[in-house]
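S.K.: Which chain is which? The protein sequence lines are A and B, in order.
Under our numbering, the residue at position 53 of the first sequence is numbered 53, and the numbers go up by one with no gaps.
Under our numbering, the residue at position 99 of the second sequence is numbered 598, and the numbers go up by one with no gaps.
Among the clues, some could well be false.
Claimed, not checked - Derived coverage of chain B by chain A (criterion: at least 3 residues anywhere in the stretch with Cβ under 8 Å from a Cβ of chain A; other residues may be distant):
| hint | segment |
| --- | --- |
| 1 | 509-516 |
| 2 | 526-538 |
| 3 | 612-621 |
Keep in mind that the hints were calculated from the coordinates and are not lab data.
By construction, the Cβ of each residue, glycine as well, lies at the ideal position given by its N, Cα and C atoms.
What follows is the residue order along each chain.
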Amino acid sequence: VRGDAVRLLLGLAGLVPLGVAVLLITGNWRRFRGLLRAGIAFFAGLAAATALLPPLVYLRVAPSVPVVLALGLLGIIAGLALERRRDRPEAPPIEAVRLGPSPAAILALPLAFLALRGLAQPFGASDAFTDWTLKAKFLFFAGGTFAPTLEHDLWLYALGGAPSPPVLPSYPIGLPSLEAYLIGAMGEPNFRALHLLFVAFLGGLALTLWGFLRPYVGAIVLTAGLSLVLWMPAARDYALSANADIPLACFWVAAVIVLGAWVSDGSGSTLAFAALLLAATAATKGEGIAFAGLLVGVTFAGLAVARRWHAARGLGLAALFVVATVIPWRLFIGLHHVPARGDLSPARALDNLGQAPRILEKFGELAVSGDYLWALPLATASALLLLLTRRDRWLAVRYLALSGVVILALLLVYMSTERTTFLLRTSAGRLFSTVQLLAAALLPLLLARLLGQAGPTPTTAGRGRDPGGTSRSEAIHDPAAEPAETGTEASDEGMLRTF
Amino acid sequence: VVAGVITLVFVIAATFAAPRLGIRHRSVLAAGLIVLAFVISVPRTVARDIRLVDSREHLSVQKSEAAAPYFRYSSRFPKNNRPLRLVLAALERVPSDAVIGMRGRLLSSWARRAAFGLAPRRLVAGLDAPWVILVGEKPAEAVPGYRRAWRFRGLWLVER
Numbered sequence: 001v002r003g004d005a006v007r008l009l010l011g012l013a014g015l016v017p018l019g020v021a022v023l024l025i026t027g028n029w030r031r032f033r034g035l036l037r038a039g040i041a042f043f044a045g046l047a048a049a050t051a052l053l054p055p056l057v058y059l060r061v062a063p064s065v066p067v068v069l070a071l072g073l074l075g076i077i078a079g080l081a082l083e084r085r086r087d088r089p090e091a092p093p094i095e096a097v098r099l100g101p102s103p104a105a106i107l108a109l110p111l112a113f114l115a116l117r118g119l120a121q122p123f124g125a126s127d128a129f130t131d132w133t134l135k136a137k138f139l140f141f142a143g144g145t146f147a148p149t150l151e152h153d154l155w156l157y158a159l160g161g162a163p164s165p166p167v168l169p170s171y172p173i174g175l176p177s178l179e180a181y182l183i184g185a186m187g188e189p190n191f192r193a194l195h196l197l198f199v200a201f202l203g204g205l206a207l208t209l210w211g212f213l214r215p216y217v218g219a220i221v222l223t224a225g226l227s228l229v230l231w232m233p234a235a236r237d238y239a240l241s242a243n244a245d246i247p248l249a250c251f252w253v254a255a256v257i258v259l260g261a262w263v264s265d266g267s268g269s270t271l272a273f274a275a276l277l278l279a280a281t282a283a284t285k286g287e288g289i290a291f292a293g294l295l296v297g298v299t300f301a302g303l304a305v306a307r308r309w310h311a312a313r314g315l316g317l318a319a320l321f322v323v324a325t326v327i328p329w330r331l332f333i334g335l336h337h338v339p340a341r342g343d344l345s346p347a348r349a350l351d352n353l354g355q356a357p358r359i360l361e362k363f364g365e366l367a368v369s370g371d372y373l374w375a376l377p378l379a380t381a382s383a384l385l386l387l388l389t390r391r392d393r394w395l396a397v398r399y400l401a402l403s404g405v406v407i408l409a410l411l412l413v414y415m416s417t418e419r420t421t422f423l424l425r426t427s428a429g430r431l432f433s434t435v436q437l438l439a440a441a442l443l444p445l446l447l448a449r450l451l452g453q454a455g456p457t458p459t460t461a462g463r464g465r466d467p468g469g470t471s472r473s474e475a476i477h478d479p480a481a482e483p484a485e486t487g488t489e490a491s492d493e494g495m496l497r498t499f
Numbered sequence: 500v501v502a503g504v505i506t507l508v509f510v511i512a513a514t515f516a517a518p519r520l521g522i523r524h525r526s527v528l529a530a531g532l533i534v535l536a537f538v539i540s541v542p543r544t545v546a547r548d549i550r551l552v553d554s555r556e557h558l559s560v561q562k563s564e565a566a567a568p569y570f571r572y573s574s575r576f577p578k579n580n581r582p583l584r585l586v587l588a589a590l591e592r593v594p595s596d597a598v599i600g601m602r603g604r605l606l607s608s609w610a611r612r613a614a615f616g617l618a619p620r621r622l623v624a625g626l627d628a629p630w631v632i633l634v635g636e637k638p639a640e641a642v643p644g645y646r647r648a649w650r651f652r653g654l655w656l657v658e659r
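Chain A with its partners taken away, still in its complex shape (with noise of 0.2 Å):
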């Protein structure tokens, strides 16, 4: 195993290549500094890959070694012509962010005894070996070609005559096509290896979180606040699964924090980001691409509210960026005549409202589980508060309503199929962990705001403080606190100077 880990964490270096190109595309380059940006450039280069290598698969391009370096090597020739053309190269809204030995000590702590165990530990989970890797192994054995594995039976088998659907050809395939990148870097499938991707997955979101919390919520808080991300059980043991939906949740949560920062910072390079992670979150499962429009949905609704016009139409260009990244997928399963989910049904969730309440039992029991640390529980009463106390009301009802309409969503799904029982023992819990994750993510920024702990002030020259006296970084993610918008690219920018 040891030689295949090393194998493998050379292959996750790889990447990094790409994330590199994604930070000097999106002009994110100067926002980090150290270690932190080595960790940003390769969660970013987790998710373009995510995003990039499905489609280069319908083009009969192989997920391998030598694509994703030469995609990393063009993505930064590009991306230093980019940076070189920016008459202004845009200044970060706050200063570089960075992440002392200190606390990368304690983060990596439950990082390197989950890796332990992922060496030791065999793949075991039904979904992983059902659909996840067994779609990664045919790819890497069928030289990175995608459509011989659709046509093949066993998507389809009707053994003893009984069909057998549960296999879910119709899920993207951005998972399977970064395993079997990683399995040529292995030059042979090594399942328990392959744990230190889901690793680095939890890894990866920690040190983008920090990048990007970090202005706003002091060190000592964030370190605890991120450890309790990672030391969470039931994100450990989801993740040693090797199912998709650790992978979906780190984007993302990733992608709620990023485009909250958006919000407050209003940086083009942001929200160029988000979109990725957004992109990478739709590429990696079925209920992903609904997580991306629910984010996109609830945060265009806090910019109508605050009539930011001109904010909304960026972040509408950046959800048409998102569509137009899985349409290459929906082109290629409808050329291909894959069979869309079946068990689950928009209309049967009407037929189904009797069985709201039991689905409802089930999230409570989740909510306050002790497998993930009280982190609902702690965020929402935190969010509470917080209105409350008038403290941050922008921030805890964003909060709020986000993790609401993804409970309603995962409600409708459950609804929506007549396997509801045995859906909700084997999947609810692994579901669960996004709403679960999101919380622990965002707790110590809603700690931080609730209990008046301001982090560094943002250095970008604004207008300074509210007539109230509120500090610039207690004034982030309140509306209240904005001028008026006028629509034109020069009061837009003054106004996110504000912060």
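Mind docking chain B on chain A? Use the hints.
M.R.: Just chain B, lined up with the frame of chain A:
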């Protein structure tokens, strides 16, 4: 649960106490509340990780891969599992580009576990394949004129 309830109570208390504290103390308070939520579970999590590392046998890559789906019900290598023994035998004997037919009273979960271990060998339903897995049938009846067969207590791997 106790840690969660205590943390929740502390969050409410801290909300009202915070305005009386300095900025540094507020940071420590916020961090302390978060740490309180997970610190009790950390020793248990670490102990579990170490226990899982220790309990696994060191298997070859191929064996570990084929056996992975069967570990779900056992923390040790399930060497007496008949379907797994059949899969391991097929890995040794069946070429990687071959098609394997399956027939008999099969659970779909059984077939899915076998499919993962045997990939990239293709599994198809029926007997129209150069290799066949039979469940509850004898090769002489189901595949007349077969070349070789291996028995695993009610399961057969047959080469035409």
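S.K.: Are there at least three residues in the segment 509-516 of chain B whose beta carbon sits under 8 Å from a beta carbon of chain A?
M.R.: Result for this restraint: holds, n = 4.
S.K.: Can you take a look at whether the segment 612-621 of chain B is actually covered by chain A? Rule is 3+ residues, C-beta closer than 8 Å.
M.R.: Coverage by chain A holds here, the residue count being 6 at a Cβ distance below 8 Å.
S.K.: Is the listed coverage of the segment 526-538 of chain B by chain A valid when you require three or more residues with a beta carbon under 8 Å from a beta carbon of that chain?
M.R.: holds (count 11)
Violated hints are absent here; each numbered hint is respected by the structure.
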